[in-house]
Every structure is written in structure tokens, then in C-alpha cells.
Amino acid sequence: MRRLISKYGIIWLISLLFLLPLLSGCSGGQAQRAPGAIDKWVFATDHEFSVRPDGLPELLKLYGFEFDEVRIMDLGVTYGALRDGQVAAAMGFATDGRIAAFDLVNLEDDKNFFPVYNPAPVVRKEILDRYPELEEILGRIGPLLDTETMINLNAQVDVENKDPKEVARQWLLEQGLIKEEAPAPTKGKIVVGSKEFTEQLILGAITIQVLADAGFEAVDSTGLAGSEVVRKALTSGEIDVYWEYTGTAWLVHLGHDEPLTDSEECYNRVKEEDLARYNLVWLTYAPFDNTYTIMMRKADAEALGIKTISDLARVINEGRK
Amino acid sequence: MFVTCGGAAAVYFVENPGSAMAARVLTYNHLAVLTAQHVGMVVISSLLAATTALPLGILISRPRLRLLGTILENIVNIGQTIPSIAVIALSFTVLGLGFNTALFALWLYSLLPILRNTYAGIMSVPPGVREAAVGMGMRPWRILFKVELPLAFPIIMAGIRTAVVVNVGTATLATFIGAGGFGHLIVTGIMVRRLQLLLSGCILSALLAMLCDHLLGMVEEKVKASI
Chain D
1 MRRLISKYGI IWLISLLFLL PLLSGCSGGQ AQRAPGAIDK WVFATDHEFS VRPDGLPELL
61 KLYGFEFDEV RIMDLGVTYG ALRDGQVAAA MGFATDGRIA AFDLVNLEDD KNFFPVYNPA
121 PVVRKEILDR YPELEEILGR IGPLLDTETM INLNAQVDVE NKDPKEVARQ WLLEQGLIKE
181 EAPAPTKGKI VVGSKEFTEQ LILGAITIQV LADAGFEAVD STGLAGSEVV RKALTSGEID
241 VYWEYTGTAW LVHLGHDEPL TDSEECYNRV KEEDLARYNL VWLTYAPFDN TYTIMMRKAD
301 AEALGIKTIS DLARVINEGR K
Chain X
1 MFVTCGGAAA VYFVENPGSA MAARVLTYNH LAVLTAQHVG MVVISSLLAA TTALPLGILI
61 SRPRLRLLGT ILENIVNIGQ TIPSIAVIAL SFTVLGLGFN TALFALWLYS LLPILRNTYA
121 GIMSVPPGVR EAAVGMGMRP WRILFKVELP LAFPIIMAGI RTAVVVNVGT ATLATFIGAG
181 GFGHLIVTGI MVRRLQLLLS GCILSALLAM LCDHLLGMVE EKVKASI
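Listed in order, the protein sequences are those of chains D and X. No gaps in the numbering here: position 192 of the first sequence is 192 in the numbering used here, and each next residue is one more. No gaps in the numbering here: position 211 of the second sequence is 211 in the numbering used here, and each next residue is one more.
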């Protein structure tokens with residue numbers, strides 16, 4: 001009898017060990033459903049968007065609707081969650097390469113809710129004073145980057161799994177901004193930072209290679225986690241330059257509560273205030289606008305006839321009645 | 001006391017959010033939801049881990065399975081070197097978003113200390129004591145429950161306490177995969193640079209960790225007194 005118990009005990013225990021993950025796996029699986037058959041409007045967002053004044057709360061107020069559930073997760077996860085049908089709609093960034101790759105669509109912001117987020121290289125004043133040529137060297141990159149170019153560069157990394165450095169190099173060579181071989185460094189050291197997502201890594205790589213081409217010793221400190229960390233690194237002098245978005249600086253770093261919706265105005269006001277308060281210089285900004293976007297699966301959006309955020313609001317509100 | 005402190009901290013942060021952005025997150029309702037999520041994750045995963053790891057630890061300490069025990073202990077030791085965020089991320093790639101995934105990851109991560117301490121605790125029982133029990137004519141099951149487990153109890157409890165406290169901390173990472181918890185406050189606080197958010201998340205999870213440790217300490221004392 002004792003033997004029986006201990007024998008079956010082992011089997012029982014081992015099966016329990018394997019059963020538990022299976023049990024939790026069943027409920028976490030992917031939803032399979034027909035396009036447009038959405039019975040619960042779950043929205044995926046990252047932490048920042050869920051609380052920003054130009055984020056979700058005000059968006060819902062302006063368009064006049066509510067999601068059934070808002071799930072807060074890491075930024076990179078929202079696209080995949082949407083593709084797998086775990087959520088019905090998600091926030092993302094308008095220039096992300098995964099939007100095309102995952103068969104998602106950006107819903108048009110027909111009430112012009114989202115403010116502008118044009119990126120520009122931000123340099124510490126002391127560095128620029130030491131190397132005034134930086135203004136020209138880094139300033140000529142921005143104007144060449146329009147939205148289409150940036151989606152294309154992002155897609156090469158996110159979809160084709162290319163290395164951001166290689167993508168940056170190819171683009172710079174095409175544009176004739178760098179030579180095949182970088183010269184040996186003759187000038188001083190410049191530390192380049194970036195945030196951790198693809199676009200920032202590409203912008204960081206572009207900056208590093210342009211600097212190296214101009215004879216600087218460019219130190220790679222890209223891939224820092226989040227706006228706040230990179231900004232701290234810049235103001236404390238750990239890095240010398242990184243690409244920041246005008247809207248982010250205005251709202252997060254300079255602490256304003258009212259977002260701005262005009263590119264030129266936002267850039268000028270941020271430039272002025274950042275120089276006065278933090279001794280940081282904003283160089284020429286890029287025309288592409290990496291603003292937030294609301295995305296749906298293409299199949300769902302087409303089945304429900306949703307093209308704009310207003311359409312989405314109408315469909316959700318009608319479903320409630 | 002910890003509950004009072006936590007309540008006071010919660011009230012303080014809700015009443016003094018410091019900014020409009022923080023105020024949006026710091027409401028009583030939302031804090032209650034986050035607390036429920038966090039406590040839920042920790043309690044359920046720890047209970048599951050204890051119910052799995054304890055029997056398993058006892059199992060591998062049986063003389064006939066000693067070899068298996070050594071192997072398993074080594075696997076467990078290697079497993080513990082994987083960072084907790086990687087465990088959560090890996091579970092996410094397999095199981096998808098949400099509470100259940102976080103539960104699974106936390107369960108997996110807290111199995112290890114409990115298993116290891118159960119095994120070590122039972123192995124630390126002096127052979128002489130075990131032989132004496134055999135000499136008294138005790139059956140293996142009786143030896144296990146009357147001799148080995150009581151003697152190993154403090155070590156096993158230490159493992160459970162470690163696991164639970166670590167779990168409270170690890171559960172703050174679950175917010176990355178949409179499972180909520182106090183990590184939501186911390187990550188949002190970092191993202192939008194609002195100290196109140198960051199602090200509220202840190203303080204609440206620290207207090208929760210202390211509370212759990214304290215409660216388990218009380219349980220330990222009670223059980224010790226009864227055996």
C-alpha cells in the first residue's frame with residue numbers, strides 16, 4: 001500500500017507540475033474570431049499614454065466614447081497584442097514599421113487631437129560652444145527625414161530584422177551624408193544617447209556615424225530606457241546629444257500641461273525655454289511627426305467601416321445601445 | 001501596523017497627487033484595483049508555488065531519489081540566475097498578455113527558493129536522529145511528519161518567506177505585460193516623471209512585502225509553538 005502511494009504520488013506530483021502551466025495557458029491563448037466580430041472593446045496602451053494630458057483620457061473626452069477595458073502594458077507589446085487579437089484597438093506610434101508588417105491601420109485623427117512630435121537633435125550648450133560646427137553637421141540630417149522615410153527605415157529594422165546601424169549607414173550613404181570609410185578621429189569625444197525603441201536607435205546610429213564621419217570620437221550610449229532617463233543623462237552631462245521630440249520636451253521635461261499642435265510653434269517655444277532653463281540647444285527639426293496613433297487590425301477596421309477615430313467612437317457607442 | 005501605514009500612504013498620495021497627471025492615476029478606486037491585482041498575483045502564485053514545491057522538495061529528499069534531488073537542485077540553482085524580467089518576458093511570448101501569464105511567471109520564479117529550502121531543510125536533519133526514529137520502529141511516513149518536517153520547518157519557512165518577498169518585488173514587473181499591480185504606478189511615474197506616482201508605487205509594494213513577511217513570521221511562530 002505504502003509503495004502504491006509513493007509510486008502514484010510521484011506521478012501525481014509530476015502531472016501537477018506540468019498541468020499548472022497548461023491550465024494557465026488555456027486562458028491566455030489567442031482569440032480566433034471573424035473580422036469585425038468584436039464583443040468587447042479592449043484597448044491596449046502603454047503607461048505614459050494612459051495618463052498624459054495629450055493622451056487617452058482627453059482623447060476619449062474629445063471623441064466622446066469609452067472602451068470597455070483599458071489594458072496597460074509595455075509599449076512594444078501593444079502591436080503584437082493587437083495582431084493576435086488580444087485587444088480590439090491599441091495605441092502606437094505613427095511611424096512604426098510594424099503597422100504595415102502586422103496588417104494594422106492607423107485611424108485618422110479627424111479632430112486633430114494629437115499634438116506634434118517632431119524630433120530634433122538636442123545638444124548641451126557647452127559641447128556646442130566647444131564644437132560650433134556641430135550645428136551644421138547635425139542640422140542637415142533633420143530636413144531629410146520625412147514621415148515616409150522614417151516608416152521605411154523603421155520597417156527595415158522591425159520587419160526585415162536588419163541592424164539599426166546598418167540601416168542608418170545605408171541611408172546616410174544614399175543621401176551622401178557620409179563617406180564609405182570614416183576617418184580616424186581627430187576631434188574630441190561626443191557621447192550620443194537615445195531612447196530604447198527602433199526609431200530612436202536609428203536616429204542614434206545616424207548621429208554616431210555622421211559624427212564619426214566628421215572626425216569626432218562618437219561614443220555609443222544609445223538604447224537608454226525611456227524619455228526621463230535619457231533626459232537625465234543629458235542634463236547631468238553623461239551624454240552630449242540625443243534626438244528628442246518637441247511634444248515630449250514641452251509636456252514631460254518642461255512640465256507644461258497644455259499640449260501644442262503646431263510644429264513650428266512647439267519647436268520654437270521648446271527651443272527657447274530649454275536653452276534658458278537647462279542650457280540645451282535644439283538643432284534643426286525633422287519634418288516627420290512621430291505622434292501617437294490609434295490602430296486597429298485592418299480586417300476589423302474594414303469589416304466595420306472604420307477609417308477615423310470618430311468612426312470608432314460611433315461604432316462603439318452604437319454597439320452599447 | 002503595515003496596513004495602517006499603507007492606508008496612510010495611500011490617502012496621503014491620493015490627497016496630494018502633486019500634478020494633474022498623477023491625480024488621474026492616484027484615485028482610491030484605482031489604487032484598490034492595483035492593490036487587489038498585486039496582492040492577488042502574489043498570494044495565488046505563492047500558494048501555488050508552495051503547494052507544488054513543498055511536495056516536490058520532500059519527494060527529492062527521499063533516499064531512493066537522492067540522485068534526482070542533486071540533479072534537480074542544480075537545475076533550480078541555474079534557474080534562479082535567470083533575471084525575473086526575463087522569466088516574465090519569456091512567459092509572455094508563450095502565453096500572451098495578462099494576469100494568468102504573470103501568475104505563471106511568478107509561480108515559476110518562486111518555486112525555486114521553496115524547493116531548494118525544503119530539500120536542504122530535510123537533508124539537514126542529522127542522520128542520528130533519523131536512525132533513532134527508525135530504531136523506535138517508526139514508519140517512513142511517520143518519520144517524515146514527526147521528525148524530518150518539524151526539524152526542517154524553520155528552513156522551509158525561510159524559503160517560503162524569501163519567495164513571497166521576492167514575489168512582491170517581481171510582481172511590479174507584471175505591468176509590462178498588462179497585468180497591473182503597483183508596478184503600474186512605478187513605471188508610469190518613471191515615464192512621465194512624477195515623483196508622487198513613483199513613490200506611491202514603491203512605498204506600497206515595500207509595505208506589502210513587509211506585511212507578507214510579518215504575517216508569515218506570525219504563522220511560523222504559531223506552527224512552531226504547536227509542534
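What the hints contain is simulated information worked out from the structure, not anything from laboratory work. The beta carbon of each residue, even a glycine, is placed where N, CA and C say it ideally should be. Do not rely on the hints blindly, as some may be mistaken.
Covered stretches of chain X (in silico footprint by chain D; criterion: 3 or more residues with CB under 8 Å from a CB of chain D, positions within the stretch not fixed) [said to hold, decoys possible]:
id	region
1	91-99
2	153-166
3	175-185
Right, here's what the structure says about each hint:
Residues of the region 91-99 of chain X lying with their CB closer than 8 Å to a CB of chain D number 6, which satisfies the three-residue condition for coverage. Remark: the region 153-166 of chain X is not confirmed as covered by chain D, as 0 of its residues place a Cβ nearer than 8 Å to a Cβ of that chain, below the required three. Coverage of the region 175-185 of chain X by chain D holds. Counting CB-CB distances below 8 Å, 6 residues qualify, and the rule asks for three or more.
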